Amino acid sequence: MEELTQFAVDFAGSLKAEYAEARFQSDVKEVVILKNGFTEALAFQESKGISVRVVAGNSLGFASASRLTKKAVRSAVRQAVKLARAASKIPGKGVSMSECDLGKANVKVKPVIKFADVDLETRVQLLKEVDQCAQESAAKVKVKMPARMLNFTTWITEKNVVTSDGARVHSVTPRVALSSLLTALHPQSGIVQRSFNLGGTGGWEVVKEWNMFELFAEEASSLSRILLEAKKAPKGVVDLVLGPEVIGLVSHESSGHPGEADRILGREAAQAGETYLKPDSLGLRVGSSHVNVVDDPTVKGSFGYYEYDDEGVKARKRTLIKEGVINEFLHNRETASVFRVTSNGASRAVAYNREPIVRMANTFLEPGDYTKEELFEGVKDGVYIKNFMEWNIDDRRFNQRYVGLEAYRIKNGELSEMVKNPVLEVTTIGLWSAVDAVGKDLEFQAAYCGKGDPMQGIPVWTGGPHVRLRKIRLGGA
Amino acid sequence: MKKSEIPTFVVNLALEKGATDVVAELEDQQRVMIRFSNNEITVSKFYQETLLSVFLMIKKHRTATVLPVSSTRNLKKAVETLVKTAKVTPPADIYVPLPKGPFQYNPTLQSAPKTSLSPNKLIGYVKDGIDGALQEGAKKVAGTLIASKSKSTLCTSGQVYATQEGGGLELSIRAFVSDVSSGHSVSISRNEEGFNPAEAGESAGRIAKAAANPTQGQPGRFTALLGPLIFADLVNQIGTRTSAFMVDAGRSFLTGKIGQEVACDKFTLVDDPTVADAFSVRAFDDEGVPTRRNIIIDRGVLKTYLHNSTTAKKFGAETTANAGLIAPRPWNLIVQPGEKSFEQLLGEIDNGIYVTNDWYLRYQNYRTGDFSTIPRDGMFLIKNGQISASIRELRISDNMLRIMRNIRDLSRSRSWIRWWEVSIPTLTPYAVIEDLNFTKSGM
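Those protein sequences? They're chains A and B, same order as listed.
My numbering applies: residue 1 is where the first sequence begins, and numbers increase by one.
My numbering applies: residue 1001 is where the second sequence begins, and numbers increase by one.
Accuracy of the hints is not assured; some may be wrong.
With a Cα cut of at most 27 Å, we get these calculated DSSO-like pairs of lysine-lysine [said to hold, decoys possible]: (1) A:372 to A:232; (2) A:71 to B:1209; (3) A:48 to B:1151.
Partial pick of chain B residues on the chain A-facing surface, computed with a CB cut under 8 Å [what the hints assert, rightly or not]: (4) 1037; (5) 1068; (6) 1144; (7) 1368; (8) 1372; (9) 1374; (10) 1376; (11) 1440; (12) 1441.
It is worth saying that the hints were derived from the structure and are not from the lab.
Just so it is clear, the structure is predicted and the values come from calculations on it, not from any experiment.
We put the beta carbon where it would ideally sit given N, CA and C, even for glycine.
Next up, chain A with everything else stripped away, as it sits in the complex (with noise of 0.2 Å):
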């Protein structure tokens, strides 16, 4: 595909475009939805064509094709570069890219075992166990799951990616993922439910790593112990213990999204919304020293895995927090030039017919030293989150709240009984600032990270150590 994307570029060029850019990006899927049990439909996607971005008359214009061909490419250029001609009749500050040092590599993720080589049915009948496991650890306690639903999906990702000034990237990547909803139900008891993503990159070896059954037995229990245990969590001021799940997501949300560049110059204001981050917000405390948040995009494995980004920017580890500071923000080329830094290569798109745009990719709060034991060891009275459903946040990334589904209270230092929907509704620099320890454990989690328009859900990894935090209002205000 490189023959064509080269044309493109070439030919945004011929018609005096300043910067062009193309990117062939194929995705293919295959899909088992599984529900209650039965197959709900087994579903293969293919998306694949090729787009083009450019400068021209000091304004952005992109186009897409579904057709690979040299006509509709030209066509798909002429539409970009007319659009954006026209866009320059509104005055504006005008577009550049930042000079970067860009990427001429060919990244291929080679798969232990292929998804080729695990057929369908294999699939199904890893669902349908999983599925019975659930259902049995729930019964073990007389509680019923009348709803399960389970979305597997493997795909290929592979993108071509080159620039008038000298990008040349080709990569292929396997990913597979898992989105499960579980319903549990006691008659006595009423109703609780759990949703969790599993993801990564590579082949199926991803799947076998997943302790799938362990995994689903274990969700089932604590839906149950919920429904037959759990208490009324307690209010007011209280030592608090997160966990991994709920510390990732605070991460991603009060962390990462903040520091993205272009909320910061107001390109998201009318969707996803802005920040509370100003451009000149580096060197501002919003946490304890304890607090080191990164978004890394060449773990290997991550389900946010790239080694370009798709500007043919180098990835690399960001510091987005360094010991409570803001430390580094996340860039595309056109942000970076305005705040005269260089890319850090944060641009992904997730189809080809998608305008790259500053992503996340593995965004997640350094360990620390402490134990986990040692940091219930330091509460007297307190609660533990482990996970949660329901949570949000305002678009300035400020106010947020976290109602934990798996929770236990914390007495002189031990796990006691278990709580109902703890209520965590704090400020971002509330929340960062009240952390005292961090604990050595690191554990990942996937999600899709929603934002654009039109809507982008990116694969992204979120994560990090147990946590504890000194007197937090529990219960809002």
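Position chain B relative to chain A; hints supplied.
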């Protein structure tokens, strides 16, 4: 092969290879999207796609695909793969043959007004929106303009062959007078006559200006006046959760409530893609069944879930012509109006909160309906029937069924809403909700 012949070719080939039921739909779509922020255009995008969707059954064994259209050879290969896969797919819990046509369709619903994709014209709309907001006092304006046109051709093994045109204009615009004072508005229409970007801009600008200098809101239970944007979001939740697929999957707070009073008797919710001036007009669903007006909630009583032929059989009902091949879905949600003006609704609230918009609605439990969402843009304290102050930083933390039952009144005027947060076009009034729970961050 002509594009229009592809669905028939696919259906016939699949039947020949052993499928019992086949749906093939080819969609040709062109779309221009112009995004703007800080009063200037940030990017202009053009999309052109031709996609083929195929759903195939061998009795209880189902497969589906979506793929770009290429050569006849590739189409044959795709069909062969689908049939082969269906043969080894474990059975679903139920088999219902596709509905048998041919059907009669209303031709006025099959065609759409012509939408101009001319960059100059569309940029003119953007300028009108931005200028409208600035004239009302906004300092910066952001948003998205979308112009689209599409044509789809559907063929099924149930002797259906039909075409559907679509398209329209959408502007979503947000105006700011400061970082924490903003207003949002939309204009959506199938045709240019009904599209009013300047008015949307002015509305966003007015809300933003009124929202200037907000103070921290106080938590508690209040009578709430919800504007069309936020009420459309809640109505989208209700409409989506009436899909029988959602009910079956454990994702609906309306499970097991057919025939029950689920809302105040002033609340009637209809799904209707047959209204000529609606945004998302359709003559038939994805199984080729002629669409119709479905009353989902009639004066507070849940009358039906939304069905395709398969979910209908499973639930002992008839299809409501809302297929979705796997999951039924609403087309156009319409809330029946109330009798009072906005001013009357406002005037009857002694101590309350007026919320213009929200985002990030998330459930603690889909089955019980416990959720929270975050008001954004203008939010105002109401005292003695008048807006008394701009407030901020509150969250609505409540239960969907409780809210439905606590609807006190609806306005006479209604607006069509669709934007980033509200995906199903919804015609909605203002709503007054009693005893709505507001929370805020504790630290």
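Right, here's what the structure says about each hint:
For a cut-off of 27 Å, the pair hint linking residue 372 (chain A) to residue 232 (chain A) stands: about 24 Å separates their Cα positions. With a C-alpha separation of about 49 Å, the suggested pairing of residue 71 (chain A) with residue 1209 (chain B) is violated against the 27 Å cut-off. A C-alpha spacing of about 20 Å is found between residue 48 (chain A) and residue 1151 (chain B), which places the hinted pair at or below 27 Å, so the restraint holds. The interface hint given for residue 1037 (chain B) holds, since its Cβ lies 5 Å from the closest Cβ of chain A, which is under the 8 Å cut-off.
With its C-beta approaching chain A no nearer than about 4 Å, residue 1068 (chain B) sits inside the 8 Å limit, and its interface hint holds. The restraint placing residue 1144 (chain B) at the interface with chain A holds, with a minimum CB-CB distance near 5 Å, inside the 8 Å limit. Interface hint status for residue 1368 (chain B): upheld, as the beta-carbon distance to the closest one in chain A is roughly 6 Å, under 8 Å. A hinted interface residue such as residue 1372 (chain B) counts as satisfied when its beta carbon comes closer than 8 Å to some beta carbon of chain A; here the least separation is about 6 Å, so the hint holds.
Evaluation of the residue 1374 (chain B) hint against chain A yields a held restraint, the C-beta minimum of about 5 Å falling below 8 Å. With a least beta-carbon distance of about 5 Å to chain A, the hint placing residue 1376 (chain B) at the interface is held under the 8 Å criterion. At its closest, the beta carbon of residue 1440 (chain B) sits 5 Å from a beta carbon of chain A; the interface hint therefore holds under the 8 Å criterion. Because the beta carbon of residue 1441 (chain B) sits about 5 Å from the nearest beta carbon in chain A, less than 8 Å, this interface hint is met.
Against the hints set out earlier in the document, a violation occurs for number 2 only.
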